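Colleague: Model the full assembly from the supplied sequences, consistent with the hints where possible.
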Amino acid sequence: MEVLLEFFSRFVDQLQKPVLAFLLAGMVVSAFNSKLRIPEAIYQFCVFMLLMRIGLKGGMAIRDGNFLDMLLPAIFCVLIGIGIVLLGSVTLARLPGIKKDDALATTGLFGAVSGSALAVSMLTLESEGIFFEGWVPALYPFMDIPALITAIILANIHLAKQKSGSHVKVDIMPIIKDCLRGTALTVLIIGVVLGLVTKPDSVYESFFNPLFRGFLSILMLVSGMEAYSRLRELKGVAHWYITYAFLGPLIHGLIGFGFGYIAHLLVGLSPGGVIMLAIIASSNSDISGPPTVRAGIPSANPSVYHGTSTGLGTVAVIALYVPFFLALGGIVFGF
Amino acid sequence: MEVLLEFFSRFVDQLQKPVLAFLLAGMVVSAFNSKLRIPEAIYQFCVFMLLMRIGLKGGMAIRDGNFLDMLLPAIFCVLIGIGIVLLGSVTLARLPGIKKDDALATTGLFGAVSGSALAVSMLTLESEGIFFEGWVPALYPFMDIPALITAIILANIHLAKQKSGSHVKVDIMPIIKDCLRGTALTVLIIGVVLGLVTKPDSVYESFFNPLFRGFLSILMLVSGMEAYSRLRELKGVAHWYITYAFLGPLIHGLIGFGFGYIAHLLVGLSPGGVIMLAIIASSNSDISGPPTVRAGIPSANPSVYHGTSTGLGTVAVIALYVPFFLALGGIVFGF
Amino acid sequence: MEVLLEFFSRFVDQLQKPVLAFLLAGMVVSAFNSKLRIPEAIYQFCVFMLLMRIGLKGGMAIRDGNFLDMLLPAIFCVLIGIGIVLLGSVTLARLPGIKKDDALATTGLFGAVSGSALAVSMLTLESEGIFFEGWVPALYPFMDIPALITAIILANIHLAKQKSGSHVKVDIMPIIKDCLRGTALTVLIIGVVLGLVTKPDSVYESFFNPLFRGFLSILMLVSGMEAYSRLRELKGVAHWYITYAFLGPLIHGLIGFGFGYIAHLLVGLSPGGVIMLAIIASSNSDISGPPTVRAGIPSANPSVYHGTSTGLGTVAVIALYVPFFLALGGIVFGF
Amino acid sequence: MQLYKTKKVTIITEAVILDNVIKITKELGADGYTVDRVAGKGESGGRFGYDIGGMLSNVRIEIITTEELAKKIATEVEDRYFTNFAGIVYLQNVEVCAKKFCVSG
Amino acid sequence: MQLYKTKKVTIITEAVILDNVIKITKELGADGYTVDRVAGKGESGGRFGYDIGGMLSNVRIEIITTEELAKKIATEVEDRYFTNFAGIVYLQNVEVCAKKFCVSG
Amino acid sequence: MQLYKTKKVTIITEAVILDNVIKITKELGADGYTVDRVAGKGESGGRFGYDIGGMLSNVRIEIITTEELAKKIATEVEDRYFTNFAGIVYLQNVEVCAKKFCVSG
Ligand SMILES: Nc1ncnc2c1ncn2[C@@H]1O[C@H](COP(=O)(O)O)[C@@H](O)[C@H]1O
Ligand SMILES: Nc1ncnc2c1ncn2[C@@H]1O[C@H](COP(=O)(O)O)[C@@H](O)[C@H]1O
Ligand SMILES: Nc1ncnc2c1ncn2[C@@H]1O[C@H](COP(=O)(O)O)[C@@H](O)[C@H]1O
Ligand code: NA
Ligand code: NA
Ligand code: NA
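Here the protein sequences line up with chains S, E, U, L, Z and B, keeping their order. Each residue of the first sequence is one higher than the last, beginning at 1 in this note's numbering. Each residue of the second sequence is one higher than the last, beginning at 1 in this note's numbering. Each residue of the third sequence is one higher than the last, beginning at 1 in this note's numbering. Each residue of the fourth sequence is one higher than the last, beginning at 1 in this note's numbering. Each residue of the fifth sequence is one higher than the last, beginning at 1 in this note's numbering. Each residue of the sixth sequence is one higher than the last, beginning at 1 in this note's numbering.
Treat each hint with caution, since some may be false.
[To be verified] Residues of chain L clear of chain E, computed beta-carbon distances all greater than 12 angstroms:
| id | residue |
| --- | --- |
| 1 | M1 |
| 2 | K26 |
| 3 | E27 |
| 4 | R37 |
| 5 | D51 |
| 6 | S57 |
| 7 | K71 |
| 8 | T83 |
| 9 | N93 |
[As the list claims (entries may be wrong)] Under the rule of at most 25 angstroms between Cα atoms (straight-line distance), these lysine-lysine pairs were calculated in the BS3-like manner:
| id | chain 1 | residue 1 | chain 2 | residue 2 |
| --- | --- | --- | --- | --- |
| 10 | L | K26 | E | K177 |
| 11 | Z | K23 | S | K177 |
| 12 | E | K35 | S | K35 |
| 13 | Z | K5 | B | K5 |
| 14 | L | K23 | Z | K72 |
| 15 | E | K35 | B | K26 |
| 16 | Z | K41 | L | K26 |
| 17 | Z | K26 | S | K177 |
| 18 | U | K177 | E | K35 |
No wet-lab data here; the hints were simulated from the structure. Quick caveat: nothing in here was measured; it's all calculated off a predicted structure. No residue lacks a Cβ here, since even glycine has one placed at the ideal position from N, Cα and C.
Modeller: If you want it as structure tokens, here you go:
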């Protein structure tokens with residue numbers, strides 16, 4: 001009850017934040033068929049700026065941090081990523097009228113992580129003055145890659161069974177490589193490494209950090225426009241996906257919160273870190289995951305998983321679950 | 001006399017300002033056939049940044065302002081926009097050797113508004129410390145759309161008469177929609193709405209405002225390059241258009257100044273607001289208007305109206321009429 | 001000995017600087033076949049931002065400086081540019097198994113100047129608090145153009161001899177024009193002129209200067225990615241080019257340092273200015289030079305000269321010779 | 001693999017009327033197209049400018065379809081637009097794998 | 001100048017599989033290609049989105065080669081990819097100056 | 001609508017010589033062209049780099065014109081440039097609506 005009240009007040013707050021407003025504006029703009037297009041080069045640059053900022057800050061935090069403190073949360077991320085997909089495979093994927101490979105592709109994306117949701121929650125926590133360990137967002141790949149791999153493996157086992165009943169061997173290494181070579185993780189990793197081994201403070205302070213908020217707004221505008229386009233593709237897709245898009249992030253986030261709380265008790269992960277972990281778990285991949293899934297599960301219908309993730313999931317997380325987990329954290333940790 | 005002296009000193013000032021210098025540099029660069037090209041994505045991003053900044057500031061000003069104070073200036077804008085086109089239709093369009101649809105297309109653009117001239121005058125007023133109501137630049141659409149619509153309607157009536165003598169019904173709604181859906185007005189409106197209903201101060205202060213001056217310089221450079229290209233297309237076009245490009249903005253600006261002065265007396269529009277209104281009226285559309293006119297008056301020759309507006313008008317306004325109306329304001333209001 | 005120790009400590013410093021790290025990251029990213037691509041529009045914009053900043057600062061420094069102080073260094077630049085190419089033509093170009101036009105094209109690029117190396121050394125000097133005359137980097141064209149022209153003339157004389165034994169007349173003006181019309185020099189010149197005749201301080205301070213460091217990082221990332229691609233093209237090319245890429249910049253830089261020292265004695269060029277001159281001389285053209293050479297010496301193999309310059313030379317200069325000449329300057333001038 | 005002979009119609013025209021042209025081809029029965037942005041020069045001068053609304057650049061629209069429909073599209077676009085707008089249209093022979101492009105859509 | 005008659009095969013498909021398609025054509029023996037990014041619409045809907053990984057845009061790959069190899073490439077790409085991925089492939093006649101395009105590479 | 005048979009000549013070459021190629025085609029009598037930027041790979045390696053001066057990318061120039069002029073352009077470009085610069089040129093049949101493309105310009 002208290003959570004809901006708190007959530008509601010945070011939700012109204014969030015609505016006032018331009019970040020969510022830019023997302024909604026993007027949707028409206030698309031719905032009204034406006035000719036506005038942010039140039040794709042700018043969109044790609046926004047993604048670069050955000051992930052580089054997350055990575056650099058992460059790397060600098062790792063440098064200043066205690067390696068052992070990070071180990072448990074990192075392991076938890078792997079578990080959560082795999083867990084979300086397994087959960088989806090025994091729920092969503094078993095529902096009537098659902099193509100199993102579509103469902104697995106979708107859960108893969110929901111197990112994976114959204115760079116933009118991450119950016120939004122960093123900004124929100126920072127502007128609320130809630131401390132979190134800078135390396136938490138950099139745990140991104142530890143949840144992202146296992147989730148995508150699990151989904152791709154399960155889907156391929158399913159398809160092999162369908163064809164021959166025989167067992168199948170999916171080669172994991174190429175998928176991991178594919179993830180790491182993708183734009184998003186490459187940038188994040190560059191950032192982490194440079195943050196760790198060099199002193200990027202001056203370029204961070206003069207460039208990546210001050211421009212963060214602005215580029216995030218623009219990314220949100222584009223995400224809104226994309227969400228609307230993907231939404232339209234969802235027409236005719238089973239309604240279960242809509243349910244999943246709204247319920248999944250809540251459950252995944254609660255799982256993340258739970259694991260985060262354990263890390264809080266065991267290794268002293270900060271309240272902000274717990275909230276961040278919840279949001280990472282809650283979020284779904286909208287940029288880097290879809291192409292990996294397209295290549296890894298070619299038979300799955302992209303309209304289904306891309307639509308569910310980018311069209312619904314991202315909006316749900318930013319509009320509802322960022323404020324929700326903030327509220328939950330506030331209640332649990334009492335701030 | 002005093003105005004001229006004052007204007008001359010402001011003109012020399014303006015020449016020292018990098019904004020005008022970037023415009024001229026762009027023209028020179030093109031004239032020397034340089035291979036320099038600002039990437040189109042960057043150009044489009046400059047336009048986005050400028051209009052979003054104008055919009056956000058406008059929205060925030062409207063939020064803090066008195067709605068009634070804005071009503072009269074908004075109505076005046078509509079009147080000025082229509083008035084400029086009507087004036088052009090009984091002067092320029094009746095001159096010998098002038099194709100009527102070309103002339104109407106041209107007056108439509110001169111009745112409409114230039115986002116970059118707007119940006120230049122905001123920057124100039126702000127850096128001179130002359131106060132103006134932040135919502136005045138956001139009145140842009142109130143002059144822009146009526147001017148374009150009037151021109152398109154008059155041209156279509158003319159063409160219908162030519163063909164059949166019969167009367168014609170031009171559907172206004174699609175034209176309005178077309179304007180609002182265009183990139184420029186979409187961005188401006190997003191900005192105004194977000195400024196009005198959210199609290200975008202932090203992203204405004206960290207991104208849109210500090211980068212304003214820089215992106216405006218780059219836009220000016222491109223405008224200069226474009227102006228030169230369009231100018232070359234003007235070869236062979238009736239000389240009346242050259243006269244119009246230099247005289248029109250003066251007369252239109254004076255009309256704007258007059259209406260602004262009335263608003264000053266009636267609802268207390270600030271001196272800066274009056275100057276701004278004059279410059280809005282004086283300026284001609286160089287980005288968003290031309291495609292609307294191309295679609296709305298297909299028979300008009302784009303070399304004529306685009307050349308007159310982008311090749312001559314914009315340069316005239318920024319080089320001559322921004323300093324002129326600043327000087328005039330200084331004399332009239334005594335600062 | 002002392003130089004080497006000092007160099008080594010500066011080299012470790014440089015490794016910690018994100019600038020070099022971004023360059024190396026770009027190479028690694030390419031080696032791992034990552035899909036990361038900075039949009040080309042952003043890359044081009046980075047180049048624009050850097051050169052505009054160099055130009056503006058140069059122009060403002062010229063405005064505040066003493067014209068006579070600049071004359072001697074400018075003449076020295078011309079001499080160095082021509083000298084480097086002549087030196088290459090009697091060394092590299094005479095080695096066994098070396099195609100003479102390939103060698104001349106290569107020395108042309110090594111006589112010319114790298115905008116990014118220039119930017120790196122400005123940043124380094126500025127952040128070390130070592131003063132240099134702001135106009136020194138703006139001497140760039142005085143070394144760049146003569147070097148490229150000398151190389152193109154020598155190559156054409158060689159080719160004409162090969163064909164007919166008869167003498168040849170190479171038209172210099174079109175080559176100069178081609179250089180000046182190229183993107184890089186156009187931007188630099190615009191910057192210098194605007195810095196000289198207008199007051200661009202506000203846009204410099206709000207835009208070009210603060211964003212300098214960030215855009216340089218991104219340019220370095222791309223340069224690293226490019227270096228790797230060009231390197232791969234070097235396979236099968238005579239090993240002499242590798243030697244030249246590492247030894248050439250050292251010798252050229254020492255020549256630059258020597259001339260700089262003379263200017264220090266004669267017209268009081270600052271120690272920072274001497275170091276800067278050495279680095280300009282040491283650096284090789286990686287952006288603007290190659291297309292000029294491609295057009296001017298069509299028979300030369302671009303894999304050879306582009307590979308040697310962009311693949312090896314740039315990396316060598318930024319990693320080794322920027323710290324080296326800083327160290328040398330420290331020893332010589334005792335700071 | 002069987003190859004079917006059919007037609008490709010290419011329209012190069014002002015970007016500002018792209019939507020209209022697409023609409024017409026759809027109305028006439030074409031169910032697919034490929035489009036990219038191009039620069040160019042013709043009777044009405046060069047188109048290389050900085051563009052926001054599509055006035056200064058060309059688009060190239062390619063449609064693979066039956067000969068009949070290709071001709072219809074060419075005629076319709078030519079008649080409706082090329083008095084006032086810059087543009088050219090041409091047909092070419094192509095051989096496709098999928099039969100669907102060879103039967104009236 | 002002598003002109004040699006040969007074939008051009010054009011593949012328009014999802015950007016996400018560009019590398020794979022190129023690899024196949026190389027394996028089959030083609031030694032050159034030209035590629036650009038295009039937008040378009042077909043059976044599987046429009047592709048005009050903002051793109052980072054290549055899911056929402058098409059590439060157009062053009063290969064000039066012998067008739068035999070052109071057909072092989074078309075068949076192979078169609079068979080391997082066009083069940084799961086959006087795409088079309090077509091052949092056209094071309095006349096080239098260099099003989100190398102007309103002998104099996 | 002009447003269709004006229006004529007030729008399209010396509011030149012794919014280094015962006016760095018675009019202006020020169022355009023100039024030649026103009027001198028030979030062609031009065032229009034369409035150009036876009038493409039990536040590609042051929043004998044002289046791949047062209048996918050970051051580009052400022054046009055060294056690392058290709059342009060594709062298409063000219064619709066008479067058979068005679070098309071051949072002249074192909075020969076001239078091949079002779080003048082393709083010893084030192086990467087590039088290919090090919091001709092195709094097209095059917096155009098406007099007669100102007102079929103009479104020597
Ligand atoms: N002969 C031609 N060959 C190839 N493209 C052409 C030709 N003529 C015109 N075009 C293209 O069609 C567009 C419009 O042509 P126009 O209507 O003649 O101005 C030009 O901008 C070119 O892109
Ligand atoms: N009839 C057509 N004409 C031209 N291009 C087409 C056609 N059909 C499909 N395409 C192109 O091929 C892509 C994939 O087509 P599809 O597999 O039908 O979705 C589309 O996005 C278009 O770019
Ligand atoms: N067989 C081919 N098919 C299609 N395009 C080609 C072919 N060979 C070369 N090209 C294009 O022509 C350019 C120059 O080719 P080359 O001179 O062989 O390096 C390449 O970068 C490709 O874009
Ligand atoms: Na997740
Ligand atoms: Na106006
Ligand atoms: Na040099």
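Colleague: All hints are to be evaluated individually against the structure, with a verdict given for each.
Modeller: Checked hints:
Distance check for M1(L) against chain E: the nearest CB is about 41 angstroms away, which clears 12 angstroms, and the non-interface claim stands. For K26(L), the shortest C-beta to C-beta distance to chain E comes to about 19 angstroms, beyond the 12 angstroms cut-off, and the non-interface label holds. The beta carbon of E27(L) sits about 18 angstroms from the closest Cβ of chain E, which is more than 12 angstroms, so the claim that it is off the interface holds. Its closest Cβ contact with chain E, about 10 angstroms, brings R37(L) to no more than 12 angstroms, contrary to its assignment away from the interface.
For D51(L), the non-interface assignment is contradicted: its Cβ lies about 7 angstroms from the closest Cβ of chain E, within the 12 angstroms cut-off. With a closest Cβ-Cβ approach of about 9 angstroms to chain E, S57(L) is found to fall inside the 12 angstroms limit, against its non-interface label. Chain E leaves K71(L) outside its interface by the beta-carbon criterion, the shortest separation being 24 angstroms against a cut-off of 12 angstroms. Against chain E, the non-interface label of T83(L) is violated: not every CB pair exceeds 12 angstroms, the least being about 8 angstroms.
Separation of N93(L) from chain E is adequate, the least Cβ-Cβ distance of about 33 angstroms exceeding the 12 angstroms criterion. Distance check on the hinted pair: K26(L) and K177(E) sit about 23 angstroms apart at the alpha-carbon level, within 25 angstroms; holds. Of the pairs offered as hints, the one joining K23(Z) and K177(S) holds, with about 18 angstroms between alpha carbons and a cut-off of 25 angstroms not exceeded. A distance of roughly 30 angstroms separates the Cα atoms of K35(E) and K35(S); the hinted pair therefore is violated under the 25 angstroms criterion.
The suggested pairing of K5(Z) with K5(B) holds, with an alpha-carbon distance near 18 angstroms, which does not exceed 25 angstroms. As the CA atoms of K23(L) and K72(Z) are separated by approximately 36 angstroms, the hinted pair breaks the 25 angstroms bound. Taking the CA atoms of K35(E) and K26(B), the gap is about 20 angstroms. The hint holds against a cut of 25 angstroms. About 11 angstroms separates the Cα atoms of K41(Z) and K26(L), which keeps this hinted pair within 25 angstroms; it holds.
Under the criterion of a C-alpha separation no larger than 25 angstroms, the hint pairing K26(Z) with K177(S) is consistent with the structure, at around 23 angstroms. Only pairs whose Cα atoms come within 25 angstroms are accepted, and K177(U) paired with K35(E) is accepted, the gap being roughly 11 angstroms.
When each numbered hint is compared with the structure, violations occur for hints 4, 5, 6, 8, 12, 14.
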